[in-house]
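Number of protein chains: 2
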Amino acid sequence: MKVCLVAVGSELLRPGFRESHSNWLAEKLESAGFEVVSLQVVPDDPEAIASSLIQARSSGGLVLVTGGIGPTRDDRTRQALAAVLGRPLRRDPRAESQVREWCRRHRLPCTLAQRQQALVPEGAFSLRNRAGSAPGILVTRGNGALVALPGVFSEMSSMFQALIPKLRHLARSQPVTATLRSAGVGESRIDRRIRGVHARFPRVEVTTLALPGEVTIQLRSRGPGAPGEVERCRRWVARKLRNDLISDTGEVLEKVVFNLLKRRGWRLVAAESCTAGLVSARLARVPGVSSVFAAGAVCYNDRAKERMLSVPRDVLVKHGAVSRPAVLAMARGAAETFGAEVAVAVTGIAGPGGGTAGTPVGTVHWAVVHPEGQTARMRCLAGDRERIRVHAACAALDLVRRTLLGARAGGARHRA
Amino acid sequence: MKVCLVAVGSELLRPGFRESHSNWLAEKLESAGFEVVSLQVVPDDPEAIASSLIQARSSGGLVLVTGGIGPTRDDRTRQALAAVLGRPLRRDPRAESQVREWCRRHRLPCTLAQRQQALVPEGAFSLRNRAGSAPGILVTRGNGALVALPGVFSEMSSMFQALIPKLRHLARSQPVTATLRSAGVGESRIDRRIRGVHARFPRVEVTTLALPGEVTIQLRSRGPGAPGEVERCRRWVARKLRNDLISDTGEVLEKVVFNLLKRRGWRLVAAESCTAGLVSARLARVPGVSSVFAAGAVCYNDRAKERMLSVPRDVLVKHGAVSRPAVLAMARGAAETFGAEVAVAVTGIAGPGGGTAGTPVGTVHWAVVHPEGQTARMRCLAGDRERIRVHAACAALDLVRRTLLGARAGGARHRA
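Here the protein sequences come in this chain order: A and B. Numbering-wise, the first sequence is residues 1 to 416 according to my numbering. Numbering-wise, the second sequence is residues 1 to 416 according to my numbering.
Bound conformation, chain A alone (with noise of 0.2 Å):
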């Protein structure tokens, strides 16, 4: 069944305040078999919200509102749902009975604010909230219905949870799904990679996504014959992806190394100038990580290049920090200092200031020596600081994955 999300809530709509509700419950909808088929962000107005609640039951399927159920004066759901159903409000024992409760246990006076929580639209049900004092509103109709819950994520999520049983008759079957990962092109050159796809796989549908320094693909059908398809489809894309392919099993990145290290029996230090962290943070997000990486090194300037890792002054002095035989030197330096089998290395200029003529905002210098050799590599990235900071982090790890498939690693890579 379609799915019509709307979130409610001024704040949402204000530089620097992002509606995020709608990634969980999309996630969570499309593995009870609900399909969300739009969202809508709307200001704590009456008129606003009630037009869009009458946008998204023209569409007919389940309607999930977010926000503007609470006791403020800003919460204005609950009269637009009344104005949009054509029914009056009316108090809710059931709902009165667990406001007051939630009231007495906060010690709080029930005020008639509180006590309006209570009300729902003639012929609803109240949803039992036990996160918050805010009970949700349900309307079934024909073979659809309008939910209300909280904005507070731990309410609606507890509550969306409990409430996902009782809606099941309403879902169809779950899409079958699969989702590649790639690394070290842009979504462009994927997209012309995979071009024939559509044309080989018409029942497929295929989205990319794109984040600095790395494509994810996501493949979906529904009905019979959809597990072939999506299998058929998934091993096409795999192999147009090539070596530039991190998994078809919609593992990560750092999931990825860590498994390639651990076949090995090999650890991992990193050893980071622009990233300052970002490589050894991301690869701490794998659970149990600690078995296959021992440390990392964060050097943001020569001197503790030099301390931490025994990178030659000379080299620095003679070809810059932001260096070929610097980032080799960094590599080789935390491998020993560390004792450890594997060292990734990544320096570079993350800007907006510190660029040169030769060596331009951008430029990173990425290396990684392992037991059977050592591999270094050269990009100009694009984009601001925070951007060339976590490509650049993205290709360390993609390197360490190359490097220990003992592919080619593609690009300016030059074997040292």
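These are computed hints drawn from the structure, not numbers from a lab. Given the structure is predicted, the values throughout are model-derived calculations rather than measurements. Ideal Cβ positions, reconstructed from N, Cα and C, are used throughout, including at glycine. Be a bit skeptical, because a hint or two may be false.
Covered by chain B, according to a simulated footprint, are these stretches of chain A (three or more residues, beta-carbon under 8 Å) [said to hold, decoys possible]: (1) 22–28; (2) 34–44; (3) 229–235; (4) 283–291; (5) 294–301; (6) 304–310; (7) 379–389.
Place chain B on chain A using the hints.
Just chain B now, kept in the frame of chain A:
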């Protein structure tokens, strides 16, 4: 003027994907005097796009659509636009020559599909795209306008910035805003502290945004008297936040720490275990940070703590790696090893495994040493592995801030 955003793209509604242009646009639009009043995310379906455009147009301001104007069969915004306006699509000669030029430059055949990008509804203008193939579309009407831009960020953003001066006459006065940041206390406690703000400053809109370990508070007002009212409100809120206030100018935590270090002429080093580089990486977001930040050590096991930071083995054996003596030894070791005035250390159990009855998952110890003394702190943080790590990194920088200010750190802090 009010702005309704419409983001077109089925992928934006898929789990794991996320609409993100609206955040960037909201900031740019606001500083140009516009106000975003709704966001709709719709799939690549002509009817859904048309229905969202009709709703957006009904609010009477500027409608800004992104996505769906490229050359593929998924790109349906153009047709939806024509249908909603009730005008036929016409070839725009200027747009067509730009598409041809783009194909020539990229050595691609200028197919019918490519040339369809040069179609605009009768009476509309095409907008030049210097970064990609698809020209944009501008339709003016009375006191408003409808704009369609590509969904690719680099193309959308550059075209939007070229367009803004042309729309300036539609803008109204910019709102007066102020941003305050706090760390160390949760959103609900902040809400309670500033509870009286609505009654006291009824014309100021107050919104809060919580991230792990920190809360941002935004104030906004318009019209005559707004600057004075926002300023008074800012001072009032700042007073209520006391030492938990990071800044009342919107300055982020890492920048505040950078400024405090700079003022004292002290350099900082970081010794990280569970955060594994997040503290260093966050500090390094500040351009020019190398003048106060020298180095960081990521010590993911006991051996690394001994070797890099000279933490005595018997401290680790006797008290464990997640303990007050260990974190103090890490900080002292880091300051000595790197010859810095200030060192911050963090060690903890991010989970999901590794917890014990005495030291459950979420337990984190922090320490800061500096020429005038040392501070250690312990807390048990809630959430999953990623949340605990991000929160722990934020709290580490906040402890540096509090220590440098000589302020009471609150919580379970104790002078060692």
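Results of checking the hints against the structure:
Three residues within the 8 Å Cβ limit are the bar, and the stretch 22–28 of chain A against chain B gives 4, so the coverage statement holds. Here the stretch 34–44 of chain A counts 8 residues with a CB under 8 Å from a CB of chain B, which clears the bar of 3, and the coverage holds. Only residues whose beta carbon comes within less than 8 Å of a beta carbon in chain B count, and the stretch 229–235 of chain A has 0; fewer than three means the coverage is violated. With a threshold of 8 Å between beta carbons, the proposed coverage of the stretch 283–291 of chain A by chain B holds, since 7 of its residues qualify and at least three are required.
Look at the stretch 294–301 of chain A against chain B: 8 of its residues bring a Cβ nearer than 8 Å to a Cβ of that chain, three or more, so the hint holds. Under the rule that three or more residues need a Cβ within less than 8 Å of chain B, the assignment of the stretch 304–310 of chain A holds, with 3 such residues. By the rule of at least three residues with a Cβ nearer than 8 Å to a Cβ of chain B, the coverage given for the stretch 379–389 of chain A holds, with 3 such residues.
Violated hint: 3 only; the structure is consistent with all others.
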